[in-house]
Amino acid sequence: MMKRFFTICLLCLFLTGCGNKDKSVTNITFSTWGSASEMSILKPIISDFEKENPDIKVNLQHIPQNYFQKIHLLFASNLEPDVIFINNLNLPVYSNRLADLSDVIDKKTYFKQGVEALSVDGKVYAVPRDISVLMIYYNKDLFDKCGVKYPSRDWTLADLENISKKLTNKNTFGISYEPDIYYALPYIGYFLNGANDVLQSDSKEFKDGISFYKGLAFKSHYAPTPSEVGSLTLAQMFLKQKTAMHLSGRWLTPKYRESSTFRWDVVNFPDCTAPSDASGWAISKASKHKKEALKFVLYLASKQNIEKMTADGLIIPARVDVANSPAFLSGKPEHSQLFLYAIEHSKTTKVDKKYNKTVNILNEKYFDK
35 MMKRFFTICL LCLFLTGCGN KDKSVTNITF STWGSASEMS ILKPIISDFE
85 KENPDIKVNL QHIPQNYFQK IHLLFASNLE PDVIFINNLN LPVYSNRLAD
135 LSDVIDKKTY FKQGVEALSV DGKVYAVPRD ISVLMIYYNK DLFDKCGVKY
185 PSRDWTLADL ENISKKLTNK NTFGISYEPD IYYALPYIGY FLNGANDVLQ
235 SDSKEFKDGI SFYKGLAFKS HYAPTPSEVG SLTLAQMFLK QKTAMHLSGR
285 WLTPKYRESS TFRWDVVNFP DCTAPSDASG WAISKASKHK KEALKFVLYL
335 ASKQNIEKMT ADGLIIPARV DVANSPAFLS GKPEHSQLFL YAIEHSKTTK
385 VDKKYNKTVN ILNEKYFDK
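Counting with the working numbering, you get residues 35 to 403 for the letters of the sequence shown.
Simulated from the structure, these hints should not be mistaken for lab results.
A hint or two may mislead.
As the list claims (entries may be wrong) - Derived DMTMM-like pairs: lysine to aspartate or glutamate, alpha-carbon spacing no greater than 20 Å straight-line:
id, residue 1, residue 2
1, Lys157, Asp137
2, Lys387, Asp155
3, Lys391, Asp402
4, Lys325, Asp155
With the hints as constraints, model all of the structure from the sequences given.
Here it is, written out as structure tokens:
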């Protein structure tokens with residue numbers, strides 16, 4: 035209890051101990067996670083906003099680790115920031131403490147899946163920044179070496195299994211395997227006909243999807259088991275050409291652009307059964323500066339600034355205009371358009387307030403053994 039008290043005190047100091055004291059200036063707080071490279075893009079945008087709006091000061095709360103644990107404590111202490119970067123997987127937990135933004139955004143600007151992901155009971159609680167979907171990264175050099183045709187957007191799960199088999203040898207596994215329900219969802223969705231509802235965990239289709247996914251590592255052995263991955267990350271396994279295909283998200287594109295020594299590309303998961311998720315900027319319902327907070331959020335979400343956030347390859351922009359522009363489509367991978375194809379044919383992850391608890395239970399049941 036005493037530890038929690040001191041933590042709250044420190045948060046209070048963090049929130050109130052910095053910022054402009056000029057009473058003619060409105061101070062708003064803004065919390066976000068993000069890497070150093072993300073911050074190098076975001077901070078100049080904040081600075082530009084303050085120059086254009088000298089009557090508003092943005093106090094940035096960068097929380098790179100344990101973000102939602104700290105945000106949860108801030109909400110519990112009634113110290114939540116004015117503007118909160120949030121994802122759809124955690125949004126339902128806080129939706130009753132967030133402002134309804136349904137009437138202040140043009141929904142046509144964004145992929146409908148992004149708007150849907152950041153909505154609860156038909157109300158939009160965050161302006162979308164990015165949208166994500168799991169894709170298959172593949173090593174074109176290894177495909178060529180094994181005489182295997184590159185996968186196309188209309189491939190099937192049987193194709194994935196067959197290709198994984200052809201690419202597996204004493205030096206390389208065909209595909210990645212990560213013991214986490216998140217990476218099993220595309221496989222489960224295939225058996226659920228794209229429903230991707232983890233709450234259907236007692237269904238035969240759910241269990242068939244889990245069985246197929248785990249079988250890649252523990253039965254057919256086309257994927258490495260966790261013990262074979264060892265201390266490496268799956269991204270490192272791919273970069274070291276120990277796996278020919280890697281199921282992951284757009285967030286690995288900057289790393290692969292920078293560190294790969296081989297030709298690579300992406301393709302959607304078979305039948306586009308990987309669910310889509312989204313992140314965006316929400317405003318606290320308790321904020322005393324909603325007008326200023328909204329002005330800042332809409333500035334962040336402008337085409338110009340989303341282009342800046344997109345340029346390094348880290349995100350799939352939720353804005354349709356930016357997603358279909360060179361800001362997203364230029365550079366590696368060659369077929370970035372398939373990210374958009376996957377999103378347009380995806381279903382959003384079904385999330386409720388118990389989602390994260392459910393995921394923990396499922397991980398414990400199926401993967402923590």
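Satisfaction of hint between aspartate 137 and lysine 157, Cα-Cα up to 20 Å: holds (9 Å)
Pair hint outcome, lysine 391 versus aspartate 402 [Cα-Cα no greater than 20 Å]: Given that 20 Å is the threshold and the Cα spacing comes to 15 Å, the pair holds.
Restraint check for lysine 387 with aspartate 155, where alpha carbons must lie at most 20 Å apart: holds (12 Å)
Distance restraint between lysine 325 and aspartate 155, which requires alpha-carbon spacing of 20 Å or less: Violated - the C-alpha atoms of aspartate 155 and lysine 325 are around 24 Å apart, more than 20 Å.
Hint 4 from the earlier list is the only one contradicted by this structure; the remaining hints agree with it.
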